[in-house]
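Protein chains: 2
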Amino acid sequence: MSFRDLLLGKPIPTAEERQQKIGTLEGIPVFGLDALGSAAYGPEAALTLLLPLGVAGLRYIVPISVCIIALLAIVFFSYRQTIAAYPGGGGSYTVASENLGPFPGLLAAAALMIDYILVVAVGISAGVGALVSAVPSLLPHTLGLCLAILFLITLVNLRGVRETGLAFMAPTYVFVATLLGTIAFGVVKSVLAGGHPAPIAAPPAAASASVAVAGGWLLLQSFANGCTAMTGVEAVSNGVRTFRDPRVPNAQRTLTTIIGILIVMLAGIAYLAHAYGIVATRPGAPGYQSVLSMLVAAVAGRGAFYYVTIASILAVLALQANTAFADFPRVCRAVAQNSFLPHTFRYRGRRLVYSEGILVLAAIAGVLLVIFGGVTDRLIPLFAIGAFLAFTMSQAGMVGHWKRQGGRRSRHFMIINAAGAVATGITALIVLVAKFTQGAWVTAILIPALLALMITVRRHYRRTERELDAANALKLKAPERPLVVLAYEAWNKVAENALQFALTLSPEVHAVHVTAEDESCERLLSEWNSRVVAPLRASGMPEPKLVRLPSPYRAVLSPIVSYVLELEVAHPGRLVAVLVPELVETRWYHYLLRTNRAELLKAMLIGKGNQKIVVISLPWYLD
Amino acid sequence: MSFRDLLLGKPIPTAEERQQKIGTLEGIPVFGLDALGSAAYGPEAALTLLLPLGVAGLRYIVPISVCIIALLAIVFFSYRQTIAAYPGGGGSYTVASENLGPFPGLLAAAALMIDYILVVAVGISAGVGALVSAVPSLLPHTLGLCLAILFLITLVNLRGVRETGLAFMAPTYVFVATLLGTIAFGVVKSVLAGGHPAPIAAPPAAASASVAVAGGWLLLQSFANGCTAMTGVEAVSNGVRTFRDPRVPNAQRTLTTIIGILIVMLAGIAYLAHAYGIVATRPGAPGYQSVLSMLVAAVAGRGAFYYVTIASILAVLALQANTAFADFPRVCRAVAQNSFLPHTFRYRGRRLVYSEGILVLAAIAGVLLVIFGGVTDRLIPLFAIGAFLAFTMSQAGMVGHWKRQGGRRSRHFMIINAAGAVATGITALIVLVAKFTQGAWVTAILIPALLALMITVRRHYRRTERELDAANALKLKAPERPLVVLAYEAWNKVAENALQFALTLSPEVHAVHVTAEDESCERLLSEWNSRVVAPLRASGMPEPKLVRLPSPYRAVLSPIVSYVLELEVAHPGRLVAVLVPELVETRWYHYLLRTNRAELLKAMLIGKGNQKIVVISLPWYLD
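Chains as they are written, first to last, in my numbering: chain A, 2 to 624; chain B, 2 to 624.
Check before you lean on any hint, since a few could be wrong.
Chain copies aren't distinguished; within one or between two, either way the pair holds.
[Claimed, not checked] Straight-line alpha carbon distances no greater than 27 Å define the calculated DSSO-like cross-link-like pairs of lysine-lysine that follow:
hint : residue 1 : residue 2
1    : K404      : K494
2    : K476      : K613
3    : K404      : K22
4    : K603      : K11
Calculated from the structure, these hints are not laboratory results.
Construct the entire structure; sequences and hints are all you get.
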């Protein structure tokens, strides 16, 4: 078993594809981590904005959460329909381009791609950030930890979608179980206590209010912040093809499970925050504690359960990136199918996943992590815009889809999707405006740049295709022998082999020899005459021509290239075949002893040549 | 003018070689900086070891210097004869290998090469060290300054030997003029004062003696330390060919001038140190001051002259490396001529210098500087051994040379060289023993390692040569057409071009197509039949065969490689020519959109192939 097999797993034949398909159980860790992880920061993000209101702010958290859950339900409903309508996957991109045209499709794709890149960087660094704030001695290793997690997730994803599902199952289900357990326990206690439960570990008292009444803009911003909890809803729709047959119901069941759990979590957290009077603490300030930490401590105390729950939250935060790894390559593949991205994104690697997309995502996210030193707080504002833009395009696309379907039921759905499109569009706008100066303007530059890139790529492919297009049948030509140029250094076995081949190609062979500094050509000429010319003349065969090329600047290759180019000009329409004998070493370190002239000569000929010049490698293998 | 021309100078044709030759004036900065720079640290190194004797130690500096100068004179005399005997250059290596055999020659070469590498690293970091101790604010930039100077010296040397001479003339001659001026002025003052001149700026008082009587071993070590002043004497002998005609007298005059100046400096410094009572201060300890600094201050005071002198000393220390840059590539070239080093060291670059050797030296010295952070004190003990080993081999070689010459005069010279060989051999031994535990053991490992490497290289070249050797004349074979395999993707202009060429090569053409995932081959087959088969059949020409290769693991190239290898096995003795059509992009960034399959396929075929498989690139140029 090679090291590569050990690291990435043995290659899987396409024929065994079925065994790589996943069900709901693996589907939740693969596609659901982004959405579920949102529960850990969505409510917190909303509550943080309500901080100026003090305890009074808690009054708003339940209605805001209701709005978010309602919007989430609409988007969920839309993607559930998308899965049925587009079982080939591709999600927002496919829906938008098929129903609204290629440009809106690309807009959705670009938005999603940027969203996914940011999810990876921000998700990993959020998990590591929470870890190092719990274990401060790890602080100097922040970037190293981020990159190690990135490497791990990349590696697991390269090993195939099924292995990914199995690998991340444990942290996912521990997270779901502990958080749902906390919520259930807390709700029961709260109901028994008539809505005013006594916390086991009391949360810190809220700071006094600095603002008396909540303005509309503040509430809108809080709502927009809380909407980050919705990112990741689209994930399943991009990967329908990875599900076991019957794939549509399987994918739908997975999506329903993920969103169902998420809604319970969001509702539960909002209710309990209100019931226990948990107000956010200011991030970065001394005494900061996350809302979930306070909540779990209030419901269950700071025992073993608390630590298991918090650990699983950290793990899920860091593993959110996994959803992006599942989806980014699939979006790239769908876009590359239409030639808007390099075709290499279309091919599945050894483990039946789109390895190229995985590697590109890891590389870009890795660069972001390095640039920001593993602390990506400044990227957070950029983060939800892409997702909401994609939601909007996708739902607008579904409106078009239902319109074309026609019928009463379709009109019903159409209205829901139209409402969803408007709501998510407005949310995208609110996020953009609210966060514009904090960095969201970067997205406003990145998305058009990515669009321009994709259009350029497509134009290039189209032009190449047009240029190569041959509508005609094969034109038969009189088979004319090429002019053969042979790079000749001295008489030896390599030269003999090359000459023998040259003579089978054509009677017109030019053996070119570049004379080195101070070289006297006596030996060269006498060998040529006795070893080459004599036997050929004796048997009446055509004789090759020995051409000695001077090299005033001591270059060993460019005189050959110039000679070939001149020859081609002097014989218009005639093919010139350049024979390059090449010593092949069996051990790599022997290459250090070679001048690598054969490789260089071939590259120069192809770089400076034209369609009438072909380059022939004649390898000679050393024992 | 391209950026490369601007940086490295325009290429110089071999025909204009004469204008690149140098005379004595440029020869001193090119070959003399190592030797002259030694004056700045040789006496200091000897005096430092006399420190335990306090003022009483000064009694020994004059006799020790006399010994060093005597040895220097013998070595000088030997190399002066070497220049005349071996006007082709190559110095110690050539002398030792021609007179003592290849192994002693390689020993001399290995010793010199290691010496030169160390001269570069130690020289530059000594200069920068002196600079940062004068301007402490530069201390954090030590490594950066070292690398900048290394880059500068490398660049100047790549621009040719003449430019190097001109570039470093100013610091060299300022150094010589100011130091000789100081010595002359000091000697005159001392003689006028009856041997007891009054210092203008008094040197610090010597510490009280910790040892009363100088032991023999202490004096030997002091002598050995002082002998570092002799490194660089061999430099001119390696580069005789760079001198203008008549080159032997010109080279000899250059060597005589360098050594003459050096002897005056060494004698003057020893006399003045004694006369002014200048005792070394402990390096690294507070209040450290170099001997030359104290001496110049004592003779001339701390005025403008002092600062000019000290600045020129710093410059010459840092530029000592230049001698290594002049000689290392020439030694490598001489060794490579005999195939003990890769042949690439034999070729002169665009400015008629051995660029490869310059770059290798810069790279190794750069790595050393980076590893030691620009402070190479720990390398100093390794430093003189190489030089003295080379001196010994070279003088022993000259003994052999004179022996073969015969005659009365030769016997005379032979005795001098034999004495020199013994003296330098003993000195090498003293240095090795005295410094063994301080790091000289590294040299004892490095030199044999380098020897082993050189012998391995030569063995590889010899084996290759034997393997390729063809004593016979060209064997004529019945010209048999090769089997042609054509990598075929779809019908387009590239495929048409490739098929046309394939048909000129052979009537047996296999067009191989790797079927992609889910590919239905209907279009492929219908196009093949209508566009290719139909016109060929109509004209009665042989039809190529379309071979569809399955790819269970989705690989696009390895099925082709396997097919080619199987075909070769099935047709023993028959050549298989693989045609690889290749799209050539006119803009480099378009390569990002390509899958680079053509390059990969060619590399795989050559890597896994055998002598019966030739690879043909058919470039197609996109507009």
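Status of each hint after checking the structure:
In the homo-oligomer, the alpha carbons of K404 and K494 never lie at most 27 Å apart, since the shortest distance is 75 Å inside one protomer and 44 Å across protomers. Proximity of K476 and K613 under a CA criterion of 27 Å is satisfied intra-copy only: 16 Å inside one chain copy versus 30 Å between copies. For the identical chains of this complex, K404 and K22 are neighbours neither inside a copy (33 Å) nor across copies (87 Å), given an alpha-carbon limit of 27 Å. Proximity of K603 and K11 under a CA criterion of 27 Å is satisfied inter-copy only: 25 Å between copies versus 35 Å inside one chain copy.
Hints 1 and 3, counting from the list given before, are not met by this structure.
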